[in-house]
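Going line by line, the protein sequences match chains A and B.
For the first sequence, the positions run 10 to 499 when the working numbering is used.
For the second sequence, the positions run 49 to 547 when the working numbering is used.
If you're looking for bench data, these hints aren't it; they were derived computationally from the structure.
All C-beta atoms, glycine included, are put in the ideal place defined by N, C-alpha and C.
Errors might be hidden in some of the hints.
[Unchecked claim] Each pair of labels, with its calculated beta carbon distance range:
| id | chain 1 | residue 1 | chain 2 | residue 2 | range |
| --- | --- | --- | --- | --- | --- |
| 1 | A | 164 | B | 361 | 31 to 37 Å |
| 2 | A | 482 | B | 426 | 42 to 48 Å |
| 3 | A | 82 | B | 58 | 54 to 60 Å |
| 4 | B | 109 | A | 208 | 34 to 40 Å |
| 5 | A | 378 | B | 91 | 38 to 44 Å |
| 6 | A | 459 | B | 278 | 28 to 34 Å |
| 7 | A | 60 | B | 309 | 53 to 59 Å |
| 8 | B | 439 | A | 375 | 58 to 64 Å |
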Amino acid sequence: VRTGADYRAALRDGRKVVIMGGGEIDDVTTYPATAAMVEHYAAWYDRHFDPGWTDTLLSPAGIPWAFVPPRSVDEVTGIGRAITKTIFLSAGNVTHTPLYGHLIQMGVLVAAETRDAGPHHAANAEAYRQHIAETGRFLTFCGGAAIIGQRLQPNPADRVAVKKVRETDTGMIVRGRLGMHTSPAYAEDVYVGSLTGLQIDGHPVGFIVPVGAAGVMTLCRKPAVREANPFLAPLSSRYDELDGQMWLDDVFIPWERVFAVDPAPEAIPRWLRWHHLYGWLAKAEFTLGLALALTDAMGLEEHDPTIEYLVDIIAEVQTVRTCITAAERDPQFTASGYCVPNHAHLAAGGISLFKARQRISEILRIVPGSSLVVAPSDSDLAIPELSVGLEESFGGGGYTGRQRAALLQLAWDHVSSALDGRESAFELHASGGLRGWRHWLRRSFHDYNQLANAVLDMITVPMPKVDVASIGTAAVAARRAAGLPSGGKK
Amino acid sequence: MRTGAEYREALRDGRVVYVMGEGRVDDVTTHPATRAMVEEYVAWHDRHRDPDWADTLLTPPDAGGERRPWALTVPRSSADLIGMGRSYAKTLFFSAGNITHDPAYGHLIAMGVLNAVTEHAAGPEYVARAEAYRDMIGRTGRFLTFSAGSAPIGYRLRPDPAQRAAVKPVRETDKGVVLTGRVGMHTSPCYAEDVYVGALCGLQIEGHPASFVVPVGGKGVTTLCRKIAPRDPNPFLAPLSNRFDELDGQLWLDEVLIPWGHVFPVDQSPEPVARYLTWHHLYNWGSRAEFTLGIALAVTDAMGLKENDATVEYLIDLMATVQTVRAALTAAERDPEFTAYGYCAPNLRHALAGGIALFKARQQIAEIMRIIPGSSLVVAPSDSDLAAPDLSVGLEEAFAGGGYTATQRAALLQLAWDHVSSGLDGRESAFELHASGGMPSWRGRLRQTFGDYNELANAVLKQLDCDMPPIDLGDIPARPMAPRRVNAAPPGVNTGEKR
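So here's chain B without its partners, still in its complex pose (with noise of 0.2 Å):
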């Protein structure tokens, strides 16, 4: 694993890239809108040689008594996947959940998209071709992020349907493919060194839906990322929009050569290269739900209501839904599956089953917050009001008793205020609604992969003492995932006709 500084040094290669709202950022690491957020990457990294971590984040030594971390390593049981999910858990609940890619998440892209080559069966050479770039990544930790392909907007509206593909080929030559286009949205790619482009691009090679990998420092490469996520530039009223706004983008290809190595056919859909994200979405959702209740507790102890019956059953419901998914975990780890390729795999059918309880449950999660510490989390002072000559006593009279300053109440209040009614808060709902598919996609997965339709059907057919006609709904898990929705132009637009 490289150190941060190693990591901050690789992002200085000449990329390209906007924030919206900001304008041309000449350097992710200095500029303001993207500077913490490359030191929250830079401490992801050197975490890795801090021996404090070294349990939670490396391999136990193997026989040479190397050990390796867990973010990079290729599972192979379900003691491998245990190991992996624990680091997951562990560095995700420092950014409560905000930072969802990182290295880690990368390397199962990597994975996910070995076992899509696979699946997909172009032949033995495009599985080599995709295992290699998945070792180079698991031997140097290059942060790889995930795009799934699809157009923009504008590209979907076009008249022509032949030209509402995210990326075109402009040649081939023997080297590779070169491509223009815009690809939709995706995450962390001014953080990110590569970006895999799934096959919703609609590009094809040799009859076969192609993804590729693109450097974020490539020639030709814009990276556009959106608006920050609107803050107090106090860390004290902000200290998670501060530190964990970490910028879903867009890319534009401008003639971009992508090297035969790094292009995989696949299927059209991303479902086979998801293999594994599903997995650390789960534990990204849990992580956040984890730190609500985490804060939810140290405000109950804050406000002195630990023995509050109705604030006690409040988070008795807050433990539900975190046990729940601690379940779907545990049983996705313990119960595996194995990829076509030969990894072991967490078992998708116990995954989704709490990823759906997570969907279902994550506003009111969000709206308990807010009521457990009573108005006080609405009118909490900053450490400014606190220091403020005139205000100070009755800010310290009012705030502060039972073991707590008011600058510690206060500044406990804002971490909550933070967490759940705040502008970043409102673009990690946003976003997870989109990012996975939203619920219609976890829905649709679990209805693929749940096991038994026909075993139940004809069960309970048991019961009844007549003849009964076998049942097979083979056709119900069989059905596609429902096609992603198309987005028609306005009336006459694409006629001709005036509106």
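Only chain A is shown next, with the shape it has when bound in the complex (with noise of 0.2 Å):
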């Protein structure tokens, strides 16, 4: 894996970015509201390096989990355990790593394999994969839905995020724009799915467009508003991970570059679904890690309700631990021999916790009492006519008062921010929601027949035989249609 020296000297590549409110950047390694990002994924690749860091990220060969293609069930557990370390570094801010990229790769591959349509395809998938391995160039995801402009268009055919403008024999040129997806401004390639409606030979297509490349434009989504002290904001301050939108202007797509792909729901994220559970559970577990440090440090550890409150806690952090230690040991494989977490385990994991997040929230919320909402900051405690005054108030019981503002100060942040809220809106769409989950366990829930019939054994009388599989193999709800407003019609 390459350094984060190059990994930083790789982001200076001619791209061209703007950040909402704030302008065009020259620079996304040292713009003020980029810079933070950089840095962690910076250190993302110069851990692997980290003796201390060995066990945890390298495969017992030495080669990097965040790039094995997964074949058993020994390493596909090794990979979670190296999503699950990294990613509660940033508290579960930072969803998209170079190792989720490869993991978009390894969807790419299995859905082109599944797709079938020549197999160039699934060739051309292999050694993007492997090139991904072994540069660590960081693929971001993007599902090719346009955005709202281009769906409320009067001709339907006009609806699309991406044109083809010309076929050549080295590859196709395309023009469009396309909706949201997440840190393109520190990603080098984006994956632009098949919901752009682009076919090729009849098969829809998915392809790689570096954000670098000419007529690439990528429009990052405003900054999450945080304090400029580090102090109030720990974590907003430095994983703000920016969402964005992608605009081509007749871009050049290499035919290598370019997969024809199944399109059914479960193919592109196949391994995805996975680490959204493992940065959900990171977020839960950072949340659970400050509600007992917070319980320390406010003197609670023997105040039941506390202990209640934490319980609450502990059975969600726990029950989606267990979700997927069962999709990592009772895993399903492709065609071709990878290893895949079990979908119907994750599911279940993810339908929980969308349950709990508000929730788990609230609680942390409630732990430390008032204090949290009242809690000084660092310049506060230095004020000389405060000082003495603060101390008394928010120091005592072997913490003094700028240790325990700083752990109320990183709460706030962690669950009363911008960041948060950003998190929870981003994710109430990134995978689709609570919907897309449900209707993802629908489909990955496998005994329907075998339930519904076991049942009438109880009946003496004779019954018919019951088939109600076709409620899982129903195809995915259509994504909601934008008809036109009010003024539209006018």
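These two chains come separately, so use the hints to put the complex back together.
Structure (structure tokens):
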């Protein structure tokens, strides 16, 4: 794997990046709104050279787990352990990493194998996967959906994200605008999925576009509003991964980066939802860690209602850990032998956490008491006329006023900040939201008819054979169609 | 594994059994209140000789070609746990999760006793004693059930604290200890052959809290079963209630000799004995939830609701719970632990997470089952109504169609009603809210077994630039489970004051 410095240098590739509210930026590695995240990713790479991380991040063969194509339970478990240990470091806020990029391409590879539109598609997909594994190139994911303005075009034929301008012997030239995806300013490539509607030889296709390529412009969302003082915003000032849109203006895509893929909803995200669940788990674990630390700092270890709140969070955390354990140790295998965490177990864990998420945040707001709301900053603690009083107010029990305030501000930044709000808004959409996960469970739950007919054994009357398998094979609900607003109809 | 007939015969051992509201039962194998359950247990035994069940209920052949019942297997690996779990899932589903105690459960109790004696560390002779008893259960399939040993309410309200224990030793002899007392709620005693009575009974032997095994048919033993779940005698209306009422009970001991070989020093807490039982409880609750989902799916078909989005969403609600429990069981078995004695045991953390999820969801699951069929559930006819000449045509018109006769659709609706709106359903809920300690105990166990309090608390501090005190929260998991609630006598009763 390359070094963090190599990664940082790779981002100076002439990319055109605009930040909403901030305008165009010249260099993502130095711009204030993006520099911290670049450093986080640089640290991600460098951690692979840290002996303290070797057992977590490298396989027994010395290969980064981030780039291992899993073929066994042990390999899936090893990759999972690498994910959980690294994603916790950002409290679950940095959801996209080069490891995630490799999982995207694993999904593309299997989707190409499944579509079987010609051996070159799978071969190209595998070649690109190997390229990622060898170079550590950072790939991110875009489903390919159009932005709202395109979806409201009068002509249905114009309601697509991307159109093919022309084909050449070496590739295709595309133009359009792509909807929400994450970390494009920090990635090097974006996989654009088949929701674009592009077809080649009658097959739905996805393609890879380099962020720094000619004709590509990345438009990142506004940064999460935060205090400039890291004491007040220890997370927000470091882990705002910036979702974005992408505009393509006659961008050339070589044929070896175009893949005919299986359009089924499980195809590309085959491994991604596993990673999503690890991300949500990391946020929940971080919340639990904060709740535990605050229980100590606020002297509540003997307080029964506080312990009950902790057990509430523990139960949610353990349920997700349990579902992930089951998914990894009871896996599925693709036709070509890749090991995939069991989707049914993952879906159960994801649905459970979707339901619990807001309650978990609320509990963390409850546990510290109202000190959470009125905790001072380090600058307040340094004001001569306040320092003694604030130390009296917030110091004691083995903690200085500064230490206790730092912990309270960390909790606030985790569950009461704009970054927290962004994380919620993002996750309610990024992987299809609760509706998507429920539908995903519907498709991966496997014994409809077995259960239905088994209960009929209790009835002595001869019964018709039940066939409700169609419930499990239902197509994914169509993406909601945007109708014209009232003003548009006039 | 003995035959069902041999099991049936073993119950004619002179046992003294009463069923509340029914009086004395001379023979549990023939009395109307108990015989159906005896036949379920008979079938449980005979199923082990059914070739169709061999791959589910028996281990793979050993080197000598012998296959043993999973029900009586000592687990030494994850694969053993998976095999045992599969056999539980398949057999428990047969009673819609209503029969929670069977000889397989009894063997898990015996393994738990061995675990508890080993953890208590009173000496190797006691461990050998517990292993000998477990081995006997494993060889014979003798049906053991479990009582934690707590006293009934009257004992707990006695003025003298020394008189509040369930059981008192009358005398000790060379052969054993003679006990008198009354033991509170436990399950299936009139169908079992032995009852394990836990250390909550208050017995102390040589300074150790002691538990013991008492034969149901032993001299001086009286079993008092609860009232039966009220049900319609017509099996068409009550296909489950007529078959699966396992009857909880109390036990009275009147100078009963317990041989020393059946006395076990253990910790006061029943938790080590329950080491494997929690896992089995979750299988049982899971089977009940699966049965509910099965009926919901069948009713979805019978009521023509496969294309109804709202119905499918209800089904997904049920599926999410069922799948969470399946995931918990899968994780518990494939990520196991090992007991102090060296046996493989399901990972409690995973099982507890599943159990808590199901505790939260149980009532909603039942409610969904009542919603899906629509109000036809409430007004469905019986087979006798369908046979009444003046009603049959009208009822056929009202309930038949879409590939179902009225009898078929009514049978399915009555099955659903009996599963989630009957006295048996109410009993199951009341029982499970107490039998394994209820939600407080499951949460307490999770608090004790959750592993990384300090690791998580200190990990988040790394986000802060200032030096922080190291955190030690080891006391949270180390705190004992909440004590059993103490029943105080009403004001004035124990002080001699007039009320």
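Within 54 to 60 Å: is that where the Cβ-Cβ distance between residue 82 of chain A and residue 58 of chain B falls? Violated, since residue 82 of chain A and residue 58 of chain B (Cβ atoms, about 44 Å apart) do not stay within the stated range.
Do residue 60 of chain A and residue 309 of chain B keep their Cβ atoms within the hinted range of 53 to 59 Å? About 57 Å separates the Cβ atoms of residue 60 of chain A and residue 309 of chain B, which means 53 to 59 Å holds.
Would you say the C-beta atoms of residue 459 of chain A and residue 278 of chain B sit inside 28 to 34 Å of each other? Given about 32 Å between the Cβ atoms, the range holds.
Cβ separation of residue 482 of chain A and residue 426 of chain B, checked against the hinted range 42 to 48 Å: 32 Å, violated
Return holds or violated for the Cβ distance of residue 378 of chain A and residue 91 of chain B against the range 38 to 44 Å. The hinted range 38 to 44 Å is violated for residue 378 of chain A and residue 91 of chain B, with Cβ atoms some 58 Å apart.
For the pair residue 439 of chain B and residue 375 of chain A, does the Cβ-Cβ distance stay inside 58 to 64 Å? 59 Å, holds
Residue 164 of chain A versus residue 361 of chain B beta-carbon gap, inside 31 to 37 Å or not: 35 Å, holds
Using the Cβ atoms, figure out if residue 109 of chain B sits within 34 to 40 Å of residue 208 of chain A. 55 Å, violated
Comparing the model with each earlier hint shows violations of hints 2, 3, 4 and 5; every other hint is respected.
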